[in-house]
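These are the residues of each chain, in order.
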Amino acid sequence: MCGIIGVIDRTMARMDGSSIKKALSLMDERGSGEGAGYVAYGIYPDYSDCYAIHVFFDNLLEPKTNVDRILQKWGRIVYQEEIPTYEQPNLKREHIPWRYFFKPYTDLMVGTTNPDDDNVKRLVMTINSTVEGALVFSSGINLGVFKASGWPEDVANFYRIEDYKGYIWLAHNRYPTNTSGWWGGAHPFNLLDWSVVHNGEITSYGTNRRYVESHGYQCTMSTDTEVVAYLFDLIGRRHGLPSDMVVEALAPPFWDEIDEMPEKQEEFMRALRLTYGPALMNGPFAIVIATKDGIVGFTDRIKLRPLVVGENDSKLYISSEEAAIRIMDPDVERIYMPRAGEPVIGRVTQ
Amino acid sequence: MSLGSVPLKYKISIDRDQCMKCMRCVDNCSYGVYRIEDDKIIIDSRKCTACHRCISMCPRDAIMLQERPVDYRSHPLWTTEAREDVINQARSGKIILSGMGNAVDYPIIFDRLVLDACQVTNPSIDPLREPMELRTYIGKKPEKLDFTMKDGDVELNTKLAPNLKLDTPIMIGHMSYGAISLNAQLSLAKAVAKTGTFMGTGEGGMHEAIYPYQDHSIVQIASGRFGVDIDYLERGAAIEIKVGQGAKPGIGGHLPGEKVCADVSCTRMIPLGSDAISPAPHHDIYSIEDLAQLVRSLKEATNWEKPVFVKIAAVHNVAAIAAGIARSSADAVVIDGFKGGTGAAPKVFRDNVGIPIEAAIAAVDQKLNDQGIRNEVSIIASGGLRNSADLAKSIALGADAVYIGTASLIALGCRVCGSCYRGLCPWGIATQRPELVERIDSDVGSENVANLIRGWTLELSELMGAAGLNSIESLRGNRERLRGYMLDEGLLDVLKIESVGA
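So the sequences go chain by chain: U and P. First residue of the first sequence: 310, per our numbering; consecutive thereafter. First residue of the second sequence: 23, per our numbering; consecutive thereafter.
To be clear, the hints were calculated from the coordinates, so they are not data collected in a lab. Some clues are possibly wrong.
[What the hints assert, rightly or not] Chain P side only, calculated, beta carbon under 10 Å to chain U, not exhaustive: (1) Thr143; (2) Gly499; (3) Gly512; (4) Asp515; (5) Lys518.
Backbone N, C-alpha and C define an ideal beta-carbon position, used for all residues, glycine too.
Chain U extracted, bound-state conformation:
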């Protein structure tokens, strides 16, 4: 189950959240009212040089003091506030969503090619694994995740999603089957610029989790999807593989297909599989990943979950259901279903 939808305007024209709310609500049959969420890119132009760190606090006393202390040790808090929310009759407020706009001290992190990103990544891991009552659920620049336990329309109204404008939107309607529905377990999952929505289960989770944990990531959200964001950060950002190559590492062709490839390609694919074997993902999944430059959608290697793609001029849609795309954009053209493991990529054109 679970319903996912993502959209990018390749010209970076910003769309408000009203239509994606409508599309996600259309897929209510795919959810159970235990989790929904949205992420939008380009929503904080006033703080476009800061990391927007969204945190769920259980209370604003000890957890917040600890988070403030950690952030101030490693950088400067440019601005902070409670994320505006609006009471909903069907949504129980379990945490206080807070946002910081944060600039890390670059010179505190040496020996890395992306000191700021590595600094913030480490902060997220530190807070999530050591500060009780605080959970960082969004940490990218000029983007923000908004999620909670509830139905898509209630979560959208809770955060008043239509007030935000972004050039990429992802949204997720959750039907939890493995772990309980809680705010941290709702999608999207985010780390730095990476945001993930996922329909399915990752049966290779144990292997994937150990792999990312051996590279300094800590899985704290009790949900398999979290690991996908970390895999993309590790392989995409830190190892420098482009998105399509990351997808090839995570959902590679079968050996029989690799054996038949031209020599040079075969050599590359074999090297890729040997190097990133522990990152290979198994199980039924359809995933859409966003980063600031674009979105990527792909399914597992035998396509056990649906994924539909639609295009309209500069807009690219990826979703679990065609109807969700059509309600967002009745004029959508070129609807198709990608093959198993085939990445669908929408990049911004600047």
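Following the hints, put chain P in place on chain U, whose structure we already have.
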């Protein structure tokens, strides 16, 4: 003879109404249980090892074998075995020898691990209809890929280290020519060639008869360096340095002179009839640095074209040792658990030294993972694997592949009678007596062993499919797919798995 003798272990009897006196039992028993006197088959049960050769060959099913009831006064501490060992040592003053694996009734951890299966929300995969990938590469892997993009084309700069390509993650462990017969070894060699995997030569050199299968052989270097020369190294698809063995950690090897026939002497490069004794330590390895030097020397000698493995027995600090091995340029670490088999070992070692393979795999895998180098080196596990479930659990705990030893011998007829060290194996396996060796037809034997590997491979595919996995990479180290049943918290923590129901 103040001590007298200990009672016999087994009681053989013949149903005389059924017996047609074909004498197959007499011909087949190399231990001398049967003899003919006045046209009557006389039985000397005291000589029986329960090897079952006579029973298997009797056309009338006329032979019966029972463990003989023991009439000692029962005592919870002074068991029959404890008492008899004391009696035997009081008589001989010698170390008690034993064959095969650990015979103490330790709990078997494998049997307290249960695997997962998909239901409803994540569909199981049917291996008969969907691709299932068991292909395994053993050897060094890069930490990350180095490549350049040129006109939209990818130019790979990373050069892969040599890896062994296995069609199934099951290999056959090292059993030397000398410890086992040539026909037994040839059966194993033909079986691995048929199934796309590899076997170890053991420390006995490589007999000419194995040359046609050398591409499927891993040559071993033990402390005795028997049979090692550049030709031997170049023939192997990989090279393995044996530091320790699960059945006898901390001690060397011993092949009695009576097993060193002309052919064995030639293959091992030792004098005919001489004892082949591997010292306890390698006399050029007293540290990880020394080991690294040997690993690199072997690579240099073979032009850096072959992976080099290092085999150690599973012992208390196996994880730290394995991490050192991983940094010694070795391509794979082989861990042999304390239920591993042997041709001959002091019983006190076999039954009391080392740790179970399940805990060793998990500890080594975790340590390498904590150090961020797990994927860069392979783990091969061995020592007491009995079936495909043990195989699947080993991989889920973190092994890349396994070696099987005893199981492959059972596929050749072995009945685990534990008398390998006597050189009289009636099945033609652990013997060099020509009349016994020829009891194995290597073509037939190889088909039995290949069938075993095929059967396990099919079952592993099914277990993976049930868990929703279509690639062996996703089972490796996937502790989520395992749960501990009636295991204590300490062990669950070492294995890094949760309890059933969690």
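Looking back at the hints listed earlier, which ones does the structure fail to meet? Per hint list: 3 and 4 violated.
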